[in-house]
Amino acid sequence: MSGGFNEIHEAPTTFWSKYIVSYDHKVIAKQFLWYAIFFLGVGGMMALMIRWTLAYPGQPFPIIGKLLLPSTGGVIPPDTYAMLFTLHGTIMIFYAITPLLIGAFGNYCIPLMIGARDMAFPLLNMLSFWFAALSGLILLASLFLPLGGAAGGWTSYPTLSTLIGSPGDGQTLWCLAIFVLGISSTMGAVNYITTVITLRAPGMGYFDMPLTVWGLWLTAILNAIFVPVLGAGVMLLLMDRMFGTTFFLAGASATAGSGDPVLFQHVFWIFGHPEVYILILPAWGIVSDLLSFFSRKPAFGAKATAMSMTAVTILSTLVYGHHMFTTQMSPLLTQSFMTLTMTISIPSAIFFANWLGTIWKGSIRFDSPMLFSLGVVFVFGLGGLTGLHLGTVTTDLYLHDTYFVVGHFHYTMAASVLLGGYAGIYFWFPKMFGRMMNEMMAKIHFWGTMIPLNGIFFGMLMVGYGGMHRRIYNPFVYDSLKRLIPINEMITISAILMGLFQIVFVVNFLYSLWKGKKAPSNPWNVGTLEWTIPSPPVHHNYDEIPVVKCGPHELGNPNLKNGRDFQYQTEELVKG
Amino acid sequence: MNFLNYGLSTSWFELSKPPLDISTNGHLIDSLWEYTTVLAIFYFVLVCIGLFGFSYLYSHKRNKTPYYTYGNKKSHLMVTALIGAAVFLSVDLNIARVANNDMLNVFWNYPDPKKEEVLRVQVMGQQWMWSFRYAGPDDQFGTADDIVSINDLRVPAKTKVLFHLTSKDVIHSFFVPNVRLKVDTIPGRITRVWWDANVPGTYDIACAEMCGTHHYLMKAQLTVYEKDDFNQWLATSAHIAKTTNDPADKNLQWGWKWEN
Numbered sequence: 315m316s317g318g319f320n321e322i323h324e325a326p327t328t329f330w331s332k333y334i335v336s337y338d339h340k341v342i343a344k345q346f347l348w349y350a351i352f353f354l355g356v357g358g359m360m361a362l363m364i365r366w367t368l369a370y371p372g373q374p375f376p377i378i379g380k381l382l383l384p385s386t387g388g389v390i391p392p393d394t395y396a397m398l399f400t401l402h403g404t405i406m407i408f409y410a411i412t413p414l415l416i417g418a419f420g421n422y423c424i425p426l427m428i429g430a431r432d433m434a435f436p437l438l439n440m441l442s443f444w445f446a447a448l449s450g451l452i453l454l455a456s457l458f459l460p461l462g463g464a465a466g467g468w469t470s471y472p473t474l475s476t477l478i479g480s481p482g483d484g485q486t487l488w489c490l491a492i493f494v495l496g497i498s499s500t501m502g503a504v505n506y507i508t509t510v511i512t513l514r515a516p517g518m519g520y521f522d523m524p525l526t527v528w529g530l531w532l533t534a535i536l537n538a539i540f541v542p543v544l545g546a547g548v549m550l551l552l553m554d555r556m557f558g559t560t561f562f563l564a565g566a567s568a569t570a571g572s573g574d575p576v577l578f579q580h581v582f583w584i585f586g587h588p589e590v591y592i593l594i595l596p597a598w599g600i601v602s603d604l605l606s607f608f609s610r611k612p613a614f615g616a617k618a619t620a621m622s623m624t625a626v627t628i629l630s631t632l633v634y635g636h637h638m639f640t641t642q643m644s645p646l647l648t649q650s651f652m653t654l655t656m657t658i659s660i661p662s663a664i665f666f667a668n669w670l671g672t673i674w675k676g677s678i679r680f681d682s683p684m685l686f687s688l689g690v691v692f693v694f695g696l697g698g699l700t701g702l703h704l705g706t707v708t709t710d711l712y713l714h715d716t717y718f719v720v721g722h723f724h725y726t727m728a729a730s731v732l733l734g735g736y737a738g739i740y741f742w743f744p745k746m747f748g749r750m751m752n753e754m755m756a757k758i759h760f761w762g763t764m765i766p767l768n769g770i771f772f773g774m775l776m777v778g779y780g781g782m783h784r785r786i787y788n789p790f791v792y793d794s795l796k797r798l799i800p801i802n803e804m805i806t807i808s809a810i811l812m813g814l815f816q817i818v819f820v821v822n823f824l825y826s827l828w829k830g831k832k833a834p835s836n837p838w839n840v841g842t843l844e845w846t847i848p849s850p851p852v853h854h855n856y857d858e859i860p861v862v863k864c865g866p867h868e869l870g871n872p873n874l875k876n877g878r879d880f881q882y883q884t885e886e887l888v889k890g
Numbered sequence: 006m007n008f009l010n011y012g013l014s015t016s017w018f019e020l021s022k023p024p025l026d027i028s029t030n031g032h033l034i035d036s037l038w039e040y041t042t043v044l045a046i047f048y049f050v051l052v053c054i055g056l057f058g059f060s061y062l063y064s065h066k067r068n069k070t071p072y073y074t075y076g077n078k079k080s081h082l083m084v085t086a087l088i089g090a091a092v093f094l095s096v097d098l099n100i101a102r103v104a105n106n107d108m109l110n111v112f113w114n115y116p117d118p119k120k121e122e123v124l125r126v127q128v129m130g131q132q133w134m135w136s137f138r139y140a141g142p143d144d145q146f147g148t149a150d151d152i153v154s155i156n157d158l159r160v161p162a163k164t165k166v167l168f169h170l171t172s173k174d175v176i177h178s179f180f181v182p183n184v185r186l187k188v189d190t191i192p193g194r195i196t197r198v199w200w201d202a203n204v205p206g207t208y209d210i211a212c213a214e215m216c217g218t219h220h221y222l223m224k225a226q227l228t229v230y231e232k233d234d235f236n237q238w239l240a241t242s243a244h245i246a247k248t249t250n251d252p253a254d255k256n257l258q259w260g261w262k263w264e265n
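Same order as they appear, the protein sequences are chains A and B.
Its first residue numbered 315, the first sequence is counted upward by one per residue in our numbering.
Its first residue numbered 6, the second sequence is counted upward by one per residue in our numbering.
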């Protein structure tokens, strides 16, 4: 299994080769982590500006408003508002969550957890980060154009995103940035898939891999298949914008032949629905592992969980049409997409049952990674169940494009993934940086995130059901929506609170980085491979490639007599 | 902090209820929503009982020795499979069946103007307004006597109204919360929607699909008249159209021949 290219590379000596163009998966993971945290801050600030506008339309954004928008005295105008929600979506999905879950944890965890010295293709890995950096730069540069950045929504449906609706170069740069990021993601995905297949330590079968690796691996497979589809879509859009083609133009404005704007929606959602699972699968994997580790017992039905995640991965490729019910596809397609969408709840119900089975009769430690993992179970429950209303054609006719959708996908994609990401950061921080994070601050951060988060997203479900539609600058031009002002105000205040509590995280992160307590090699007492080596690991990870003899969740075995309640994966399973 | 005042006077759940249902079929959507929600709450409560209950019962303080199991005993597998099957049978199959029936028998079962009394209206979305077109006395669309209005849709109560919609520039979405329906208007395509409203009054029509900077201002007013009042309005409008429609005005000429 471990291929011939798992040899020890010499450690780099210069600053340039060690920190900038590093080939080391651990350094690249940290690069992605910083990148993600930076963009989380940018996207979060945009979210606050959006929320401010929705609760207090026409009032200047406090403190930094005058600085950012001097010409309007700090009031966010409608065109800037459109740009903000477009870039909030784009940044959070592609530049914050993706690099955090896939870039940082994927890079850090996969080689360490399967007992490899590095990724299969270190050069590709380095390029993957620098393409992502280039893409981020292009996107940020678009903000400084005369007409501003892209403003057609993160979905950028034509014909709004063609020259008919978006004459500014911001949309062009958006397409370019997404295309370049697609290159980065595809390179990463190919690398992860190959690494998992070829570099697993001797003795490690697929079901001996931690579920984190399962999640990341399935994500990589989806990425490799579907990100190129998005790349093709935005490339066609780019050609419509720059070279006069008419792939997506139709109607009165299509003076040079006619294409079809709905075609883009098909291409976009063939990618876009798997993308939801691309983001959530790593979080599911992390949560499945952490629930077991902190309950001090094996993951309940680990094999079934892995199989369910695989089933969801496959099904996720077959359901994208539920995003397009209101475009009136043929009834046959609509029926098929609705029915297939519904079947996703079978595997989802199975791994929910397994998560609860894992903590059942455990001996639960409520350390911060565990709190965040339990939080994921809670918010993903809400997010998943509200999907039922939207996967159903008739209720979707009312709910489509309302805040109900916004609440639903924030519960699944934002809340669950963010909490899963925090769980991962608190869990692997000691391994990454060799220091412990402050537990007290972590707990404050958890409750300060969890409570306002539900205020925000449950509030969104409520106003959505009340009929408030998405992406409107001032909902209260509609008399019928004026009654929703108080709930919108509650959402905004929750958002500000949640934003403030993220400062606790940043302070904790930076403080612990330099001043945190030194971490032992195995602070959480778990047995997966990365905890058998020092924190932080040496450049080549493993002096000797470990030989795996048991599964990743050997905790609470009553036959253990050596004073530990867990076994390392390198130890022979103790039987009674 | 005016949200506190509101919060005390009216419950937020009252506020977040959808607007008045004025159509004969909107209750199908409302009742399916309620059914789905009740089941969702049921399963979410189960999850919470597990989550909070187990967290309480099996915390490290209360339970020192965890139960060493892989969850692969027959009884474990049975419970897991049962949960999966229960969710699928009680929730998914049921709501998919109801939705499928409602879709085929009602919402996409468009009335046939040749066989029954149906008011036909053509709708065109554009940045950022809605245009509506009635056939006029000659019963043909795209002719000089068409009645055309902007952001002002008037329909009779207790009559089926069938809309054919398109868009001039970008994709819009024709959203009438009070009948619980929305449909995209797409350049180069004609989409359809129909309803039967039965409560006279005035209501909001919104654009639900992001269509540019002033998306939020793309609203129209829906007036539902009693039948007699509607006929009177239609006659007056036909007269006005006949006397004032300017055949040279390009903005009036967007209609198309009605085909089923």
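Be aware that a few hints might be false.
[Unchecked claim] Think about it this way: if two alpha-carbon atoms lie no more than 20 Å apart in a straight line, the pair counts; the simulated SDA-like pairs of lysine to any residue are:
id : chain 1 : residue 1 : chain 2 : residue 2
1  : B       : Lys120    : B       : Phe146
2  : A       : Lys675    : B       : Thr248
3  : B       : Lys79     : A       : Ile660
4  : B       : Lys173    : B       : Ser154
5  : B       : Lys173    : B       : Gln258
6  : B       : Lys255    : B       : Trp133
7  : B       : Lys79     : A       : Arg679
8  : B       : Lys224    : A       : Tyr792
9  : B       : Lys66     : A       : Lys889
10 : B       : Lys163    : B       : Asp209
11 : A       : Lys889    : B       : Lys78
Keep in mind the hints are simulated off the structure, nothing from the lab.
Against the structure, the hints come out as follows:
1. B:Lys120 x B:Phe146: Between Lys120 (chain B) and Phe146 (chain B) the Cα gap is close to 18 Å, so the pair holds against 20 Å.
2. A:Lys675 x B:Thr248: violated (83 Å)
3. B:Lys79 x A:Ile660: holds (19 Å)
4. B:Lys173 x B:Ser154: holds (16 Å)
5. B:Lys173 x B:Gln258: holds (12 Å)
6. B:Lys255 x B:Trp133: It holds: about 18 Å lies between the C-alpha atoms, which stays within 20 Å.
7. B:Lys79 x A:Arg679: violated (28 Å)
8. B:Lys224 x A:Tyr792: At roughly 8 Å apart (the allowed maximum being 20 Å), Tyr792 (chain A) and Lys224 (chain B) satisfy the hint.
9. B:Lys66 x A:Lys889: violated (27 Å)
10. B:Lys163 x B:Asp209: The given pair, whose Cα atoms are some 19 Å apart, holds under the 20 Å limit.
11. A:Lys889 x B:Lys78: Answer holds: Lys889 (chain A) to Lys78 (chain B) is near 17 Å, not above 20 Å.
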